[in-house]
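Numbering (the UniProt record's numbering), first residue to last: 1 to 163.
In case anyone wonders, no lab produced these hints; they're calculated from the structure. Don't take each hint at face value.
To be verified - For each label pair, taking beta carbons as the anchor points, the in silico distance ranges come out as:
#1 R117 to A55: 33 to 39 angstroms
#2 Q44 to A154: 46 to 52 angstroms
#3 L152 to L114: 38 to 44 angstroms
#4 W16 to A55: 22 to 28 angstroms
#5 R51 to M147: 32 to 38 angstroms
#6 L114 to P15: 29 to 35 angstroms
#7 Q14 to A66: 18 to 24 angstroms
From the three backbone atoms N, C-alpha and C, an ideal C-beta is built for every residue, glycine too.
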Amino acid sequence: MSMTHYMELLATNQPWNLLIFMAIPVVLAETLAITELALLFTGQGDGPLRRINRAAAILAGLVFAAILLYLVPTVVVPLTASGAWRGWIDVVAVGCYLAGAVPLGLVALLDLGLLGRSLSPRRRLGWHVAAVGGFLVVAHVAMIFGMLDPTLGAAPMSHHMSH
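With these hints in hand, go ahead and build the complete structure from the sequences.
Take a look at the structure:
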């Protein structure tokens, strides 16, 4: 079975690629999501839970920015230039994985105070929650498509039936 470049990246250079490109970002993003839910449920605007949430948001944004800055020139550009993508499933898996940098970057910028300073706390929280949700969507799409055999997305052979 053929594998997507997403899965190949995680399977290569064990355990380092798995730790760098999956475990660290996912632990940070899951910490962010769990603390986000707890903050919404408890209504706490500050305290230790908020500090953990803020730290996870900033670190996740920085980690994903670094991953994006590393993978685009070293993987995406060469694959595109050489036409080495393994079909649309491969592109969706890698594209959605890298798209996670956008919502996590937004959350980091919000928590660093570089974005949304004029927003009310409730409005800023709304952006925060939406960005975390956006990340969860693209991350899960990346994982699902990343685990598929990319040849499943190949154009079907046309079969001519004679009667």
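Hints and how they fare:
The hint said 33 to 39 angstroms for the Cβ distance between R117 and A55, and at roughly 20 angstroms that hint is violated. Q44 and A154 have their C-beta atoms about 51 angstroms apart, which keeps the hinted 46 to 52 angstroms range intact. Hint check: L152 to L114, Cβ distance near 42 angstroms, so the stated range 38 to 44 angstroms holds. The hint said 22 to 28 angstroms for the Cβ distance between W16 and A55, and at roughly 24 angstroms that hint holds.
Between R51 and M147 the beta carbons are some 35 angstroms apart, a value that agrees with the proposed interval 32 to 38 angstroms. For L114 paired with P15, a C-beta distance near 34 angstroms keeps the hint of 29 to 35 angstroms intact. Between Q14 and A66 the CB atoms are about 20 angstroms apart, so this pair conforms to the stated range of 18 to 24 angstroms.
Hint compliance for this structure: hint 1 is the single one not met.
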